[in-house]
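> Letter by letter, the chains look like this.
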Amino acid sequence: MNSPPETPSPADRPAVSDADLLTAHINGDPHAFSEIVKRHRDRMWAVALRTLGDPDEAADAVQDAFVSAYRKAGTFRGEAAVTTWLHRIVVNACLDRMRRKSIRPVADDELIEAAERDSPLPDQTVEREVSMEVSAALKLLPTDQRAALVLVDMMGYSVEDAAQVLDVPSGTVKSRCARGRAKLAPILSHLRNRSDLSRVSSAKGAELRDG
Amino acid sequence: MTGDTHYDLDVLAELAEDLLDAGTARQVREHLAVCDPCGELLADLAAVREVLAATPTPAMPMGVALRIDKALAAELREAESYGARRGGVGLAETPDWDELMRDSPWERPAEAPEPARLGVVAEDGTIVPAGRRAARRRRWAMPAVAAAAAAAVVGTAVVSSGLLASGGSGPDLVFEADAPSPTREEARARAYALTDSGHNYSDQELRQPLEGFLAPAPIINGGSPDVDKVDTCVSKVATRSKLTTYAVDQGQYNGQEAIIVASWKDKASGRLRIDIVDPFNCKNLRKPMLGRW
Numbered sequence: 001m002n003s004p005p006e007t008p009s010p011a012d013r014p015a016v017s018d019a020d021l022l023t024a025h026i027n028g029d030p031h032a033f034s035e036i037v038k039r040h041r042d043r044m045w046a047v048a049l050r051t052l053g054d055p056d057e058a059a060d061a062v063q064d065a066f067v068s069a070y071r072k073a074g075t076f077r078g079e080a081a082v083t084t085w086l087h088r089i090v091v092n093a094c095l096d097r098m099r100r101k102s103i104r105p106v107a108d109d110e111l112i113e114a115a116e117r118d119s120p121l122p123d124q125t126v127e128r129e130v131s132m133e134v135s136a137a138l139k140l141l142p143t144d145q146r147a148a149l150v151l152v153d154m155m156g157y158s159v160e161d162a163a164q165v166l167d168v169p170s171g172t173v174k175s176r177c178a179r180g181r182a183k184l185a186p187i188l189s190h191l192r193n194r195s196d197l198s199r200v201s202s203a204k205g206a207e208l209r210d211g
Numbered sequence: 001m002t003g004d005t006h007y008d009l010d011v012l013a014e015l016a017e018d019l020l021d022a023g024t025a026r027q028v029r030e031h032l033a034v035c036d037p038c039g040e041l042l043a044d045l046a047a048v049r050e051v052l053a054a055t056p057t058p059a060m061p062m063g064v065a066l067r068i069d070k071a072l073a074a075e076l077r078e079a080e081s082y083g084a085r086r087g088g089v090g091l092a093e094t095p096d097w098d099e100l101m102r103d104s105p106w107e108r109p110a111e112a113p114e115p116a117r118l119g120v121v122a123e124d125g126t127i128v129p130a131g132r133r134a135a136r137r138r139r140w141a142m143p144a145v146a147a148a149a150a151a152a153v154v155g156t157a158v159v160s161s162g163l164l165a166s167g168g169s170g171p172d173l174v175f176e177a178d179a180p181s182p183t184r185e186e187a188r189a190r191a192y193a194l195t196d197s198g199h200n201y202s203d204q205e206l207r208q209p210l211e212g213f214l215a216p217a218p219i220i221n222g223g224s225p226d227v228d229k230v231d232t233c234v235s236k237v238a239t240r241s242k243l244t245t246y247a248v249d250q251g252q253y254n255g256q257e258a259i260i261v262a263s264w265k266d267k268a269s270g271r272l273r274i275d276i277v278d279p280f281n282c283k284n285l286r287k288p289m290l291g292r293w
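If you read the sequences in order, they're chains V and Y.
The first sequence begins at 1 in full-length UniProt numbering and counts up by one.
The second sequence begins at 1 in full-length UniProt numbering and counts up by one.
Hints were generated in silico from the structure; no laboratory data involved.
It cannot be assumed that every hint is accurate.
As the list claims (entries may be wrong) - Straight line, CA to CA, 30 Å or less: simulated DSS-like cross-link-like pairs of lysine-lysine:
no.: 1; chain 1: V; residue 1: Lys101; chain 2: Y; residue 2: Lys287
no.: 2; chain 1: Y; residue 1: Lys267; chain 2: Y; residue 2: Lys242
no.: 3; chain 1: Y; residue 1: Lys242; chain 2: V; residue 2: Lys139
Said to hold, decoys possible - Pulled from the structure, derived: some chain Y residues nowhere near chain V, Cβ distances all over 12 Å:
no.: 4; residue: Thr5
no.: 5; residue: Ala22
no.: 6; residue: Gln27
no.: 7; residue: Glu30
no.: 8; residue: Leu32
no.: 9; residue: Cys35
no.: 10; residue: Asp36
no.: 11; residue: Ala191
no.: 12; residue: Tyr192
no.: 13; residue: Asp228
no.: 14; residue: Lys267
To be verified - Chain V stretches covered by chain Y per the calculated footprint, using a threshold of three residues with CB under 8 Å from any CB of chain Y:
no.: 15; stretch: 130-138
no.: 16; stretch: 150-161
no.: 17; stretch: 174-185
Just so it is clear, CB atoms sit at the ideal spot from N, CA and C, and this is done for glycine as well.
Here chain V stands alone, though its shape is the one from the complex (with noise of 0.2 Å):
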C-alpha cells in the first residue's frame, strides 16, 4: 500500500493548503501553482505511467494534465479536495489518450532480447522484472479496469475516492477492479510467492531524484 498523500512537513513548507494555494493563484500568485506542482507530481507521475504502461505518454499526459489544471483552476469549486481534481484531469489526459491512440504494433524485442543474452546486467533486479511483467499485463485490460486498478491496488486510494476520481459511483470501481483482477490472475499468479518485494517508494526516488 501507498503512504497517505504527502502531509507538508513544517519544517520546509509553511502550513498552506492545496486549496489556499490554488486560490493563491487564481489570485496572481505566480508561485502558487509551481508549490502544488511539486507536492503532487509524484504521485500524478506514478498514476499516468501504470495506467499509460510508456513513459513518453505519460510525461505528455502529465504535462497536458497541469496545463489543463493551471488553465482552469478557476472552474475547481472546491467540493473536492484539490488531489481528487487534479487526479481527475490526470486520469482522464491519460483515458483521452488510450483512446485516440490505436493499439500500439509489438516492437520488435528481438534484437533487445539477443543482446541481453550475450550480456546480462548484473544490477538488473527481481523487482524491476516484476514491474515490467505488471505493467505488460495492465495493458492487456480494458482502459476502465486499469484506471480502477491503478488508483486502488497500486496507489492504495480507497474505493470511494477512487469513485470520486472515476467519477462513477463506488460499485462501478468494485466490479471494474474485481473484473481486472480476474483477467489478471492466471497472468500474474506465478508472482504470488515473489510478492514479497522490497517497495522503492515515491519519497525514496524524489529524495535520489532531488539531492
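The hints should help you fit chain Y onto chain V, whose structure is shown.
Just chain Y now, with coordinates in the frame of chain V:
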C-alpha cells in the same frame, strides 16, 4: 453449484469485492470450503492485489518535471503578454534551472553569437544543413559555450583519427560557418565522437539506426569539467563492455538525463552495443541493447 461444478475467477473476484447477492455468496463460500482448486484461484486473486501493491511507483524523472515547469512558465508568459492576470509557476526552486535555461531565448544575452551551424556532406559533396530535431526535444538550443566548444571538430580531423571511417557510410561533419580551427591534439584526444544533442531517446528510437540521431549533432571537445565527467563515464562503460566506443551522445532517456554510449560489437555489419547510463554515477539506466548505426 457445489460439488463438481467450479466457479470462475470473475465470480470469485466479485465475491471478494462483496458484489454477489447474499444467496449466491453463501453458495460460493460453501463450495470454497470443500474445493481446493477454487481456493487456489481465490489465492491467485489475492496475489494480484499484493503484486500490484508491491510494484514500485517511481518518482517523476527530473527531465519530466523540468518539462512541465517549462510548459507552465510558457503559460505564465502567455498570460502576461496578453496583459492577463499574473499567476503561475515559479522557477526559482527548480534544480539546475539556471544551468538548463542559460540558453533559453529570454535569457540569452543580445550579443550572444549565433551558434556555428553544422552541415552534413551529402554523397555528391554538397553541404546539407544539419536538421534540428524539434519534435519531443526537451532541451533547447545549443548554449553559446557549447557552440564554442563544438568548434573543435572538423570533418577531416575526425576522419584522420579514424572515427567516422566506417566503410565510408557515415556522412562527415563539417562547419558551414567560420569557426575557430581545432587543434589536432584536441580532436585526437578522444577516441570517439562526443555529441550533446539533448535528444530524449525512447526505446523505439534506439532500435532505429543510430546514425540519424548521433551523426547530425555537433561534436564537442574536451576542456570542461562536464566533458571530463563524460569521458570518465565512457571509459567505465568501455571497461565493462570490453568494446571500442564509437560515438557518445549527451541527451536523455525517457526524460532522464543520460549518456548514450555506442560501441562496436561487429563493425562490419554495423552492429553496436548501446549503453544508456546516467551522467552522475555512470550506472546503466536500462539493459545494454543491440543497435545499428
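> Does each hint hold? Answer for all of them.
Against the structure, the hints come out as follows:
1. V/Lys101 x Y/Lys287: Holds, because 28 Å separates the two Cα atoms, which is no more than 30 Å.
2. Y/Lys267 x Y/Lys242: holds, 14 Å
3. Y/Lys242 x V/Lys139: Violated, at about 37 Å.
4. Thr5: holds, 18 Å
5. Ala22: holds, 16 Å
6. Gln27: It holds; Y/Gln27 is separated from chain V by about 17 Å at its closest Cβ, greater than 12 Å.
7. Glu30: With a cut-off of 12 Å, Y/Glu30 remains clear of chain V, as the shortest Cβ separation is near 20 Å.
8. Leu32: holds, 15 Å
9. Cys35: holds, 16 Å
10. Asp36: holds, 15 Å
11. Ala191: Since the minimum Cβ distance to chain V is about 21 Å, Y/Ala191 lies beyond 12 Å and the statement holds.
12. Tyr192: Per Cβ check, Y/Tyr192 is outside 12 Å of chain V; nearest 19 Å; holds.
13. Asp228: holds, 21 Å
14. Lys267: Fine: 16 Å to the nearest Cβ keeps Y/Lys267 off the interface.
15. 130-138: holds (count 3)
16. 150-161: Satisfied; 4 residues make the cut.
17. 174-185: holds (count 10)
In terms of the numbered hints stated before, the structure departs from hint 3 and from no other.
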